[in-house]
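Chemist: Here are the chains, one letter per residue:
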Amino acid sequence: VDRLDIPQGTLDLMILTILTREPMHGYGISQRLAALSHDSFQVNPGSLFPSLYRLEQDGKLKAEWRASENNRNAKYYKLTASGRKQLEHHRQRWDRIAFAITSVLEGA
Amino acid sequence: VILLNRLTSMLRWLFRRNRIERELDDELRTYVDMAAAARRRQGIPAAEAQRQAGLELGGLEQVKEQVRQSHSGAWFDRLRFDTRDALRGLRRTPGVACTAILLIGLVIGGNTTIFSMVYGILTKPARGVQSSRLVTIGSSVNGQPDPAHTYRDYLEYATNIKTVRSLLGHQFERFTLTLPTGSFAFRGALVTNNYFETLGVPLVRGRIFTDSESGLDDSGLVAIVSYRVWQDQFRGAEDVVGQHVMLNGHPTTVIGVASAGFQGAWLTETSQVWVPLLAYARLARQEESRLGGLNVIGQLAPGVSLSAAQNEFHAISLQLQSAYPDTNRNRTALVLPYSVTAGGNSIVAQRGSLFLAIFSVITMLTVVIVCANVANLMLARAAVRQRETAVRHSLGATRIGIVRALFIEGLLISLAAWVGACIFAWWTSRVVAAVIPPAAQGSALPLDFAPDWRVVSYAMALALLATIAFTLPPALRLWRQDVLPWLKAGEQGIIQGRSRLSSALVIVQLALAVLLLTGAGLAYRSTSLISRRSLEFETAHLTLTTVSTTGAAANEESNRALLESLRERLRSAPGVQAVTYARSTPSMPDRTWRMDPVRTNPSEMPRPSWVNVVGPDYLKALGLSPVAGRDLAADDTDAARASAIINQHLADALWPGQPAVGHTIQLRPGHAPVEVVGVTPNALFSGYGSETRPYFVFLSQHQEPAPPGDMSFYVRHAGAPDTIFPAIGRALKDVDARVPIVYMRALETELNTNTWPIRFISLLLALFASGSLAIAAIGQYAVIAFDMKRRTRDFGIRIALGASPRQLLSAALGEGLRWTAIGLLIGFGLSLGAGRAFRSVLFGITPTDASTYLGVFVGLTITSLLACYLPARSVSRIDPIKALRQE
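Just so you know, the sequences run in chain order S and G.
The numbers in the first sequence follow the working numbering, run straight up by one, and end at 125.
The numbers in the second sequence follow the working numbering, run straight up by one, and end at 883.
If you are wondering where the hints come from, they were derived from the structure by calculation, not from laboratory data.
Beta carbons are placed, not taken as given, at the ideal position from N, Cα and C, and that holds for glycine.
Treat the hints with caution; some may be incorrect.
If you want the ones that stay clear, here's a sample from chain G, every Cβ over 10 Å from chain S, calculated [said to hold, decoys possible]:
#	residue
1	Q38
2	K120
3	R203
4	A304
5	T328
6	L332
7	R521
8	M601
9	E700
10	R734
11	F853
12	L861
13	S872
Within a straight-line C-alpha distance of at most 27 Å, the following computed DSS-like cross-link-like pairs (lysine-lysine) qualify [as the list claims (entries may be wrong)]:
#	chain 1	residue 1	chain 2	residue 2
14	G	K878	G	K785
15	G	K729	G	K616
16	S	K95	G	K60
17	G	K60	S	K79
18	S	K95	S	K79
19	S	K102	S	K79
Just need the whole structure built from these sequences, with the hints factored in.
Modeler: Below, the structure is given as structure tokens:
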């Protein structure tokens, strides 16, 4: 599969979006991201984990250790209220950007 | 909320580091395991699956490092690494590090001591004063400050001012307190009845004055005494309140005791007794409208700014100008924060400002010298480490990173120096406070110079400034440095031309050392002149005893009779040879001596002369005999034909070539003409002064009797002071026990006290100057030695090519001495300029004193020669073969 680079600034948005449905561990997030993007995005752990730690540090995510589906102990990340707000904000922004870019491309 | 989150996570990062690291490790391993498990499910063999999963993670340690760096606590890590690095760097050159710490610590310590003294005098309230927002109301006439107000103005302000509350007035007074146990002389104050309330001084016994007491009601005069008087004179009696005493001859009731430590509103005041102002004025039959000399303090109303209060006072003072043109012409009110005026117009405040100005300049100069020196040390160190930094550079360190490392090294040095400086300042300020001599009346000043947090932060600010000053030069050098040449070259490879920066730094040090040396030289010459100069009369075996007659005499006539009987009794005391009394004693003339314009007729130019009013046998007591005419005698009592004796200088000026005796002179306007009955030799009656030909006039106490108050007996005696002191005390008590001794001291003690400031300044200057000279010389030595060592190969080649050791020696010396010459030139220029500032404290010499300059020239040249010669000599002994083989 031909992979794409993740555009700058969108990784946080995608992580937050993925975590709206349910709490997940790092590996799960990277798998879900790949699946949702039809394997176009494959996030590198060297980018994923720093992002997760930063979001946790800023209080957007809350982490807890618990047993995974196949009974391994894993660190699960959960969206906080503040994270939800941040997501909403980013999401609106992203929609405007996407709309704007599409408009420019189609109008040209 | 985000900030709080960050802060807690930063703290967690700092303190629960191990746990975070372990969790991160677990998390990443779980990731790999999950990735491997997923691959195994796709049918990949276990070993291969594990390998691929590891590849996907891309290196456990790298990911961890990326996570760490994204954390906001990572800043601490970088700081920690840098600090560890800097510590290692400093440990590699312990000599440089220790020297730098010592130099900077000492100089900041000295500076901080001065600051804590300035701060102690200028910003602290007097002891025991607890109110905040206090302001002092001063006034100025034609721009000249005049702190005192009339009672009438005080009342006008007190009733009309809205911005300042509870305005108080106080005025100094001397009191003789007579108890059954004896009479004691105290300083004290006449105060308005809100005095203690406004200052926030609680009473430990009794109560403050009531309105009716302050107006002198039937209860008579009342007084509040200090804690010390309560303890010492009343022996801490519980029934002190209500006791009846005599105060300046008036029956008085003690109604209260002030809290311990309080001695008046001014920092240097030593008041022990407080009495209602108006009541005392009425007892003394003074007219209310003529009461003056009041110091006024008040409390700013809440929410009012100083400038608002200033505006209101200014407006009212303008109204007063038009209402009372005769007393208030051009007089305007000034509102100042109380803290800056707490020093009052006392001795310390008067002399102190000059002292502190000089000290501040000296210490600032030494800071510059030391910073220049340490900067040179650091420059040399940076030069030695050029290869090291080049290697770091090539390994990917950024320039900012390298400069940051340098700065952190500097900070560590300053931090150590700062701690040392604070300890040093704490210690020295205690010593200095102990060394300050007692004020003129023998009472110790309650000064508190102990450094507090402000002083400590001042030292910190200095340390930071110093860090910047001495890391900047090497940082500049490093910033511009190329990488490649240093990597290619060998250890001795590149010989740079001598840095212009370091020569400039050496010259700055030398020039400032010259400035300090000249200052110290001038001060030393001045003090040695003082100690060698004689007052031209016999100062040994002369005791001064100041007494207060306010409690024993009611008016001028009884005062005169009292003084005369005291003198008669003292004359018959064992060992006493002659006795007189006078209003002023030999001290700094400008403080207690009165100056009158003297002329023979109204059309003549007046000659400003020092005037003293003295008793009989004045010249005899000083051990002098008149050049012409006679001494003042006990029978000079005719007030209509007042007689005076004048000194030879004045006689020569008024009647050159003629006998002066028999002529009359005019004193200040309104004073009756006086007849010259005697001429004295030219002694320095008023003590050491800066005039070369002072004029003196002595008037007879009998013809110009003083109201009861302070008077000083001059007693010439045969024995040692410790036998004569008790004899004088007994003699005075015999005549009248109500006459207390205010202050008894040998004349020589008094003179020493008066010359103390200049002796202290010159000692301090000498200390600072010799220190700076040593630092500058060592600095010069170090720079030259370093330079020579770097150029070893260069010199080796020269020797190999036939240069003689002599030639090399003189070449090397010449280079070094050129700096000395420039430094001397600049330093002398600065000294001439600074001489103006020194002029007022110098005694007997001019600021351009040639021998001082010659001495400094010789001293600096020799020191500098030595500093250049030692490294130059080693150059001339270089073995060319060794030098060249060193490649």
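Chemist: State for each hint whether it applies.
Modeler: Against the structure, the hints come out as follows:
1. The Cβ of Q38(G) lies farther than 10 Å from every Cβ of chain S, with a closest approach of about 13 Å, so its non-interface assignment holds.
2. For K120(G), the requirement that its beta carbon stay farther than 10 Å from each beta carbon of chain S is met, with the minimum near 47 Å.
3. Look at R203(G): its CB is around 62 Å from the nearest CB on chain S, clear of 10 Å, so calling it non-interface holds up.
4. Here A304(G) stays apart from chain S, with its beta-carbon at least about 47 Å from theirs, past the 10 Å limit.
5. The claim that T328(G) is not at the interface with chain S holds, since no C-beta of that chain comes within 10 Å of its own (minimum 61 Å).
6. With a minimum CB-CB distance of about 52 Å to chain S, L332(G) clears the 10 Å threshold, and the non-interface call stands.
7. With a least beta-carbon separation of about 70 Å from chain S, R521(G) lies farther than 10 Å from that chain, consistent with its non-interface assignment.
8. Remark: the non-interface label on M601(G) is consistent with the geometry, its nearest Cβ contact in chain S lying 87 Å away (cut-off 10 Å).
9. At roughly 89 Å, the least C-beta separation between E700(G) and chain S is larger than 10 Å, which holds for a residue marked as non-interface.
10. With a closest Cβ-Cβ approach of about 83 Å to chain S, R734(G) is found to remain outside the 10 Å limit, as its non-interface label requires.
11. With a least CB separation of 67 Å from chain S, F853(G) remains clear of the 10 Å interface cut-off, as annotated.
12. Interface exclusion of L861(G) from chain S stands, the closest Cβ pair being 64 Å apart, more than 10 Å.
13. With a minimum CB-CB distance of about 63 Å to chain S, S872(G) clears the 10 Å threshold, and the non-interface call stands.
14. A hinted pair counts as satisfied when its Cα atoms are at most 27 Å apart, and K878(G) with K785(G) qualifies at roughly 13 Å.
15. Proximity of K729(G) to K616(G) is assessed by CA-CA distance (about 24 Å); at most 27 Å being required, the pair is judged to hold.
16. Pair hint K95(S) plus K60(G) holds up; C-alpha atoms about 21 Å apart against a cutoff of 27 Å.
17. A C-alpha spacing of about 20 Å is found between K60(G) and K79(S), which places the hinted pair at or below 27 Å, so the restraint holds.
18. A distance of roughly 5 Å separates the Cα atoms of K95(S) and K79(S); the hinted pair therefore holds under the 27 Å criterion.
19. With a C-alpha separation of about 14 Å, the suggested pair K102(S) and K79(S) falls inside the 27 Å cut-off, and the hint holds.
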